[in-house]
Amino acid sequence: MKSSKNPRRAGRLAAIAAAVALAAGLTGCGGGTSASTGGDGSDGAASLSIGYAFAPETFDPVYAIAGAQASAHIQAIYGALIERDADGVERPGMAESWEWVDAQTLTFTLRPDVTFTDGEKYDAEAVKKWIDYARTAENTPYQNLSAVENVVVENPLTVTLELNRPDPRLTKFFVGHMGAVPSPASIDAGNLGIEPVGAGPYILDADKTVIDNTYTYEKNPDYWDADRFEFDTLVFKIYADANAMYNALASGQVDVGYGNGSNYAAAEASDLEIFSQPQNANGISLYDIDGVNVPALASKEVRQALNYAIDKQKIIDTVFQGQGTPSSLGFTPGSGPGYDESLLDYYDYDPAKAKSLLADAGYPDGFSFEAVTLTKDQPMAEAVAGYLEAVGVTMKLIVRAPGETANTNIGKYDAAAAAMGLADSFATPTNLWLGPASATNQRGHEDPEIRALYDQAINAVGDEQKELMEEIAAVSVEQAYGIQVGYVNSLTYYNGDKVANIMVLPAHGGPYILEGLTKP
Amino acid sequence: MLVYALKRLAYSVPMLFGVSSLAFLLLNMLPSDIAQLKAGEDATPETIAAIRESMGLNRPLHERYVEWLGGLLRGDLGVSWHNGQTVIDGILASAPVTLSIVVLSLLLAVIIGVPVGVIAAVRGGRLDRALVSSTVVALAIPNFWLALMLVLAFSLAIPLLPATGYIPLEADPALWLRHLVLPVIAVASVSISAIARQTRSAMVENLSRDYVRTLRAAGMSETSVIYKHTLKNSAVPVLTVLGIQFVNLSGGSIIVEQVFAVPGLGQYTMTALARNDVPVVLGVLVITAVAVVVINLLVDLTNSAVNPKVRA
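If you read the sequences in order, they're chains Z and A.
Counting along the first sequence from 1, when you hit position 102 you're at 102 in our numbering, and nothing is skipped either side.
Counting along the second sequence from 1, when you hit position 72 you're at 592 in our numbering, and nothing is skipped either side.
If we strip away everything but chain Z, and leave its shape as in the complex, we get (with noise of 0.2 Å):
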């Protein structure tokens, strides 16, 4: 029977109407839009928050792995000695000046009154703390003092490097991370890992800080340079799934992301700001340039015709939707010497002059090989390999288990696929043409050519370092020691209402913290 339906036709009219008044209170309390949420602009204070895929895991400069996830910490908590401006030139950052004495000997001048956080003076002694704690830690990601062979404290603000051999890699190192100076008192309490001191422009608020998730960062009153800063706070979020960054974006909860080529199309219809740069050199690197296991990879005409072979515009175009610049060159715009854009397009496409230059090294039926790829390389090696298949050179593709990385099973493989991200031009040609052998080359074959050329320039200073450098990427062209692809770009989204003057250093994927960073 039914009966009774009036009360709880009311109950039920009652339930709705709360329902209804709920959702309306919520939608429309906590200031409308979503873009006020996450606590930013308190107070009438400038705050940016910039999201980033992943967190880094130390804030110890020497473990921090290198890139702009872990940099924008190490940057915004420790400063550098050295920063980069806007073109790219190097400029003073904590250090006042630096010079080189000689190719062996490196001398820094420090700014006077500069302290850390916690009170500790920033003076010689603290950099030499740092500098003999850097290049003697153990079981480092880089080695990249290991060119430092004794820290000389001349007087409180001068402190002199005496090098073992010539490194002109140093100065990009000291804008990275071996610039970044901890105070010496947290180097000695062993914990800067998990709570750094530094004298950067910005503070960690470990109060407003979420491990893996949200970082806060307030302006440091006593930095040498605190005016340059407009923002009083920066908040790093991490969006490790990059449809959550594009969202947070789209929806002005943040102000700063990056994006990649899927989302690039909604990125320029929307009104967000796009600011891209080429990032990583992606391409196959040859390892058994010595034929061992493939007598075939030893013939230059073979190499050559491998890149002609392929359309690295279509590549692009398909694989990275048209996010990047077609390159036969190893060396990556922004790193210095050794960068010559005569030399992006030495190899066409020409199928037709790959397959008579195969047959021409004896190879007219074409062969095969084996590359090993990660996975996020795979679709540009299909594609690579795809237009080998059309000359009749077989590369079989060995996709790495997740949990693999570049380096595992050093010279296991003749061949791999490679994005590299190769910021600094000094260090190309060491970890590509030169040994011994690493994860980059990984049988360690040595170009003689490129060895005599490489011990000259790093002895060499201005024009006549860049020309030997460029001769160097001349050789390395020639040799096609890799098929090529080219360069794919960084892609960082913005907000242009929010925030100005966004810088990326050479094969970072987002923006640099020293420099730009303004009010529109």
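I should point out that these hints are in silico values taken from the structure, not numbers from a laboratory.
A quick note: this is a predicted structure, and the numbers were derived from the prediction, not measured.
We put the CB at the ideal spot given by N, CA and C, even for glycine.
Among the hints, a few may not be true.
Stretch by stretch, here's where chain Z covers chain A in the computed footprint (C-beta under 8 Å, at least three residues) [as the list claims (entries may be wrong)]:
#1 568-576
#2 668-675
#3 682-693
#4 776-787
#5 819-828
Using the hints provided, position chain A relative to the given structure of chain Z.
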């Protein structure tokens, strides 16, 4: 009741032991190498080997197992291999976020699902069929797709609700709720349907029973028949499903947490898995296993309170 509870807890100890041991074995057999991940792509094989040594990974598996088990029994779940944060701290920081989503979802599931199930069972006919079809559709929709659609509609197209993020309850209750509206709707749709369907079928079964006919014949009001008697008797299977849903949602919210960039247990575990952070994954597994045992026990205790026949 107390004896029953204690017996159940006692049975669960060997089960928990088995689960954690199996997990330890499997996770340490994964091919990925934490030392390589920590060393970075440019490191030499020597550096990688040295890192392995310093992390104690070259010790025999059984030795590491005993050490881990000892820590576990002391309540020490270890420390993240990546950022040194204790696993307990990581779980304590991320669990409330996931719990917020799960509890609110279950609340929604009960508030909407039970009445829907009752109405469908009582009214029958076309309304019943319509409601049942809706539940099928809701069950079929993947929660991450729903999440993305909700963001598209209510954050981007119409800027009504936040697209991402989480505000802790103690920081701002209103914002806490506001940030949870979309994630909870995405996650709850399946639970609402499951509860609605379970309520409906339990109610239908009970409404056809003799005692209901007797109560009606005795002149009891329909409201009392339905809400005081039939619903209570239908509660057991519904509560059981609720318990299952709690467990499902805690795991099932992983992708939704990714979509909304919410720092919950799901994201905590996913990040750890991706970078082979075994102590974290193990810790979460153990805590989850314990939680499942406790939840199931609570469901059974509640069931036996509601329906004395359940007490074994």
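Each hint tested on the structure:
{"no.": "1", "hint": "568-576", "result": "holds (count 4)"}
{"no.": "2", "hint": "668-675", "result": "holds (count 3)"}
{"no.": "3", "hint": "682-693", "result": "holds (count 7)"}
{"no.": "4", "hint": "776-787", "result": "holds (count 6)"}
{"no.": "5", "hint": "819-828", "result": "violated (count 0)"}
The structure fails to meet hint 5 from the earlier list, while all remaining hints are met.
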